[in-house]
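In case you want the letters, here they are:
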Amino acid sequence: MSGAVGRPVDRVDGHAKVTGGARYTAEIALPGLAYAAIVGAGVPSGRVVTIDAAPARAASGVLAVLTHENLPKVAARPRLLPSLLGAPAPGQSFFPMQDEVVHYFGQPVAVVVAESHEQAQYAASLVEVAYARTPSVTTIDEGRGGAYEAERLFGGLMPGREERGDAETALAEAEVRLDLSYRFAANNHNTLEPPATTAVWEEGRLTLYDSTMGIRASQLTVAQLLGLPLSDVRVVTHFVGGGFGAKAMTWPHVTLAAMAARHVGRPVRLALTRPQTYTSHGHREEQEHELSLGATRDGRVTALRHHKLSITSPFDDWAEPATGVSSQLYACDHYQGVHRLIRGNTMTPTFTRGPGETVGVFVLETAMDELAHELGIDPVELRLRNRAATDPRGNPWSSDGLADCLRLGAERFGWHGRDPGTRARRDGDWLIGTGMAAAAYPVAFFMPAQRARARVYEDGGAVVQAGTQEFGTGMLTVATQVAADALGLPMEAVRFEAGDTDLPNTSAAVGSAGSGMVSAAVHAAATALRDQLVALAVADRGSPLYGADPAAVNVREGRMLLRDRPETGEAYGELMRRNRLADAEATGSWSPPPLDTPHGLLTFGAQFAEVAVDPELGLVRVRRMLGVFAPGRVLNPKLARSQLTGGMLWGLGQALLEGNRMDPRHGRWGAANLGEYLVAVNADVPEITAEFVEVADDVVPLGIKGVGEIGQVGAAAAIANAVFHATGRRIRELPLAAELVMDPPGTPA
Amino acid sequence: MRPLAYARVSTVEEAVETVTAAPGSAFLAGGTTEVDLIRLGIARPGLLVDINDLPLTGVEDLPGGGLLIGALARMSDVARAPEVAGRYPGVSRALLLGASQQLRNMASMGGNLCQRVRCAYFRDGLSPCNKREPGTGCSALDGLNRGHAILGTSEHCIATHPSDVAVALAAFDAVVRTSGPGGARRIPIDDFYLLPGDTPERENPLAHGELITAIELPPAGIARRSIYLKFRDRESYEFALVSVCAALSVRDGIVAEARLALGGVGTKPWRARHAEARLTGAPATAESYAAAAAAELAGAAVRRHNAFKVELARRAIVRGLTLAARGGAR
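Read top to bottom, the protein sequences are chains F and H. Counting from 1, one number per residue, gives the positions in the first sequence under UniProt numbering. Counting from 1, one number per residue, gives the positions in the second sequence under UniProt numbering.
None of these hints come from the bench; they were simulated from the model. Worth double-checking, as some hints may not be accurate.
Label-pair distances were calculated between CB atoms; the ranges are [to be verified]:
no. : chain 1 : residue 1 : chain 2 : residue 2 : range
1   : H       : Gly-135   : F       : Glu-115   : 50 to 60 Å
2   : H       : Ala-277   : F       : Gly-675   : 33 to 43 Å
3   : F       : Gly-145   : H       : Ala-301   : 29 to 39 Å
4   : F       : Glu-115   : H       : Tyr-6     : 16 to 26 Å
5   : H       : Leu-126   : F       : Arg-77    : 26 to 36 Å
6   : F       : Arg-412   : H       : Gly-86    : 23 to 33 Å
7   : H       : Ala-277   : F       : Gly-746   : 23 to 33 Å
Computed list of chain F residues with no C-beta within reach of chain H, every gap over 10 Å [unchecked claim]:
no. : residue
8   : Glu-128
9   : Ala-132
10  : Leu-226
11  : His-416
12  : Pro-504
13  : Leu-617
14  : Arg-668
15  : Gly-675
16  : Glu-739
17  : Pro-745
18  : Pro-748
Think of the CB as a built atom: it goes at the ideal place given N, C-alpha and C, for glycine as much as any other residue.
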């Protein structure tokens with residue numbers, strides 16, 4: 001491909017977004033629209049004894065109050081599976097308001113429908129619910145005694161244990177051994193746009209406007225829950241204000257909106273309030289890790305034992321799979337990864353940007369830093385020394401790039417000549433330190449075939465369609481670029497349409513897989529159309545290309561021409577008009593390689609950070625961050641950088657700020673708004689650079705490995721390692737709060 | 001949202017009369033806290049009386065070099081006023097380090113003084129909270145209390161007072177001018193803020209219908225070299241873990257006069273009088289500053305998650321006094 005792909009073109013939807021023209025789900029105006037509000041359970045465990053809805057029903061504008069007493073039962077309980085699979089994808093296997101049992105704080109116990117959003121919210125506050133509360137478990141500390149080893153995770157998709165060699169023996173025999181414990185507070189996604197759903201029934205058919213990362217997942221899930229034929233459910237989503245995993249699954253509020261609309265016989269919008277988002281679409285769970293690392297004196301890792309303990313819901317074995325990368329990143333014959341779970345009174349945790357591996361890699365990469373320090377080996381050199389040439393099964397990487405990322409990063413960052421001594425550099429009240437980490441993220445291939453459609457009109461304009469959605473990643477833009485190049489058209493001639501399940505289907509855009517799989521389907525459709533028109537031309541006696549070998553024909557600026565004699569050819573339009581075709585159309589699809597493809601599948605990168613630490617006051621300020629990544633083909637460097645630097649900033653937040661804690665007495669989150677749950681603000685953002693290492697990959701779609709999550713992986717570890725370099729103190733807990741970072745009394749300056 | 005009525009008034013007298021006459025009514029100025037609390041269902045006024053048309057936005061000179069700041073002056077305007085920045089740089093800096101630019105552009109000085117606490121248990125509308133529902137208990141005592149106060153607490157409430165500027169105003173003996181059903185009053189700022197004691201629901205002595213009209217800053221030469229330092233988890237839009245307003249007058253190496261007030265650690269803007277007493281007449285040295293800090297913090301009462309604040313405050317005080325002794329810079 002040449003042309004639009006690879007160029008840093010502006011977002012095709014940029015103008016609409018900055019001028020307010022882009023309509024988000026909660027802005028869809030419909031005649032007769034009513035508004036729903038959820039009443040969340042006020043206790044974390046127990047049952048509803050009585051619900052007095054009379055005051056709410058009497059409030060002005062109220063159309064209905066739904067509770068477990070009058071809400072119809074759902075038709076099925078879909079299995080919990082990641083939405084990437086293309087099957088129904090409820091965020092949890094539990095659906096609320098089917099009986100009186102309360103499993104977690106905020107669980108919907110009633111839905112109020114009213115004429116206005118404000119009336120619905122107010123009436124919701126009038127619903128009086130009496131509970132019989134039972135003891136709850138909402139923290140690891142409360143549930144530690146009941147921990148069990150998970151056999152399978154992700155609704156059975158992944159094993160809970162990963163083992164090779166004999167880690168115990170290898171650890172016992174190791175020349176150097178580290179045994180390290182880590183604690184991580186829970187994280188919440190906090191998309192700028194809280195999830196919303198607008199449901200419209202027309203003659204038994206349901207249209208949902210849904211704020212989702214996967215319109216197909218919403219369609220499949222709601223159809224199954226309501227017992228509807230798939231052909232009767234359409235999901236429309238044009239713009240989504242951030243996903244980060246919060247909208248990767250189809251959570252109960254989506255179906256509740258449809259049920260409320262059916263009940264009142266009017267279109268209904270259900271928009272979650274900001275506090276409700278903390279108890280409506282999962283979270284990154286509180287977790288503890290134990291890492292034991294064995295190595296030789298010359299820094300070769302010989303054994304890794306990585307155990308994770310986390311808290312899940314009463315109904316699902318969910319854990320972020322934290323050992324997918326730690327089991328593969330370094331050549332190590334003896335490995336044991338185990339996930340242990342505690343059943344608690346929370347909703348089922350879910351994907352949160354870089355699920356599992358951002359935490360798992362933090363553990364591994366801060367431990368590697370400890371090893372480097374212990375052995376007096378440069379941290380970059382230690383990674384290079386242990387780099388795995390193949391995956392643990394002995395399969396070559398589909399593409400690698402780790403060594404180049406490490407080397408280029410070290411060079412660009414100015415790593416060489418770094419004094420490894422801690423607490424050695426000062427700038428006024430601040431201690432300065434630098435740190436680095438390797439990064440890797442799995443390439444996921446669990447999706448079914450992805451489809452797209454392309455059409456060219458005789459006027460030379462094209463419409464290309466796929467049932468994906470734009471949630472800020474730039475999908476509309478990159479798909480337009482790919483389609484334009486495949487069709488041989490300028491980008492301006494191509495309109496890419498998405499956001500509707502009536503279009504050819506794709507899976508939810510999750511796991512950093514969206515741009516790759518959708519681009520591959522778009523490429524297939526556009527190429528099929530181009531081939532179709534070239535075939536028509538070479539068979540058309542009226543065409544200057546008549547009789548030519550189709551393989552010898554190029555298309556440029558909408559003109560088919562002979563590669564060797566570019567003056568010979570004609571435009572698509574000329575061919576189509578002569579053949580009385582107003583338009584031509586083709587579909588295309590892309591299927592992932594089989595799951596047992598003999599390739600290792602990781603995206604690699606390297607992260608570097610410089611921090612300033614005020615050791616007296618425990619303040620950490622990041623001065624600069626550099627990430628170098630090998631994500632395969634980069635469709636649009638501007639958008640890819642935006643994804644990667646955004647991910648790095650998530651890493652900054654993960655390292656320093658983001659953390660939510662349960663108050664175990666009440667079984668609810670301590671923070672449920674953006675005033676209490678801290679994310680980085682502009683003033684926290686340092687100089688931040690993302691660079692690319694080019695790697696060719698013919699296993700992944702169009703050579704694209706994805707940029708959605710790799711930017712975050714390793715960023716927090718690089719910062720924490722820099723904090724150690726600055727202060728000489730190792731903190732194995734996130735976020736790195738002031739009370740952890742500040743020197744204990746009596747610390748020598 | 002609950003139904004509520006709205007009225008707009010144009011004189012102080014009308015404002016006072018309107019609110020006094022309507023139980024359950026409240027003044028509305030910048031609304032940056034009030035509207036949040038209404039949306040959360042914590043404040044439930046039946047009538048909001050909009051006072052934004054009142055002519056209370058000026059910053060004027062007082063005889064002797066003091067200032068009179070109108071209650072409706074916006075935080076950002078006051079911070080930028082040359083008189084404030086020149087004579088009370090600690091006040092200006094405290095304003096600029098508060099909230100966000102957008103909030104500072106809206107929030108009024110009088111409203112700032114009246115802002116409610118950020119305790120999550122107060123604001124969640126669900127938890128037992130003596131401030132919100134007297135007699136129900138304090139959830140923060142044995143709850144998530146990292147951000148809570150260590151000075152001026154009681155067994156009924158440990159919520160931290162959130163204001164930055166009130167800390168600087170406390171350091172310079174500001175006086176709150178009010179107009180109410182009983183006439184006009186002048187309330188020293190230290191008396192304006194009440195310790196929670198066993199009535200944490202009462203945060204200030206304002207009667208229903210009593211309106212803050214202005215804030216007096218008495219003349220204080222020492223304030224010209226005052227500083228305000230704020231330490232927090234992130235760089236902007238965040239409340240203080242600890243903040244320090246300090247000014248020192250040093251002659252021949254001896255502290256002649258000291259002003260010190262703390263934010264982020266007290267249930268009210270904390271004028272550090274114990275520390276000031278220790279400092280006055282003491283050598284201007286780190287040892288004196290540490291002793292002063294220790295004297296002030298001797299009465300600190302910590303809970304499970306906020307014990308670190310004692311040491312943090314001690315270090316912050318030393319940092320602040322050291323900077324103030326150098327004549328300030330921040």
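Okay, the hints, checked on the actual structure:
Taking the beta carbon of each, Gly-135(H) and Glu-115(F) are about 38 Å apart, not inside 50 to 60 Å as hinted. The hinted window of 33 to 43 Å between Ala-277(H) and Gly-675(F) holds, with their beta carbons roughly 37 Å apart. Between Gly-145(F) and Ala-301(H) the Cβ separation comes to about 33 Å, which falls inside the hinted range of 29 to 39 Å. The hint said 16 to 26 Å for the Cβ distance between Glu-115(F) and Tyr-6(H), and at roughly 21 Å that hint holds.
Checking the proposed 26 to 36 Å range against Leu-126(H) and Arg-77(F) shows it holds: the Cβ atoms sit about 30 Å from each other. Range check, Arg-412(F) to Gly-86(H): about 46 Å between beta-carbon atoms, so the 23 to 33 Å window is missed. Distance hint check: the CB atoms of Ala-277(H) and Gly-746(F) are about 27 Å apart, consistent with the given range 23 to 33 Å. Annotated as non-interface, Glu-128(F) keeps its C-beta farther than 10 Å from every C-beta of chain H; the closest such distance is 14 Å.
Its beta-carbon lying about 17 Å from the closest one in chain H, Ala-132(F) satisfies the requirement of being farther than 10 Å from that chain. Interface exclusion of Leu-226(F) from chain H stands, the closest Cβ pair being 32 Å apart, more than 10 Å. With a cut of 10 Å on Cβ distances, His-416(F) stays outside the contact zone with chain H, its closest approach being about 31 Å. With a minimum CB-CB distance of about 43 Å to chain H, Pro-504(F) clears the 10 Å threshold, and the non-interface call stands.
Not every CB of chain H lies more than 10 Å from the CB of Leu-617(F), the least distance being 5 Å, so the non-interface label is violated. Some Cβ of chain H comes within 10 Å of the Cβ of Arg-668(F); the nearest lies about 8 Å off, and the non-interface call is violated. Not every CB of chain H lies more than 10 Å from the CB of Gly-675(F), the least distance being 7 Å, so the non-interface label is violated. At roughly 4 Å from the closest C-beta of chain H, the C-beta of Glu-739(F) falls inside 10 Å, breaking its exclusion from the interface.
Against chain H, the non-interface label of Pro-745(F) is violated: not every CB pair exceeds 10 Å, the least being about 6 Å. The claim that Pro-748(F) is not at the interface with chain H holds, since no C-beta of that chain comes within 10 Å of its own (minimum 15 Å).
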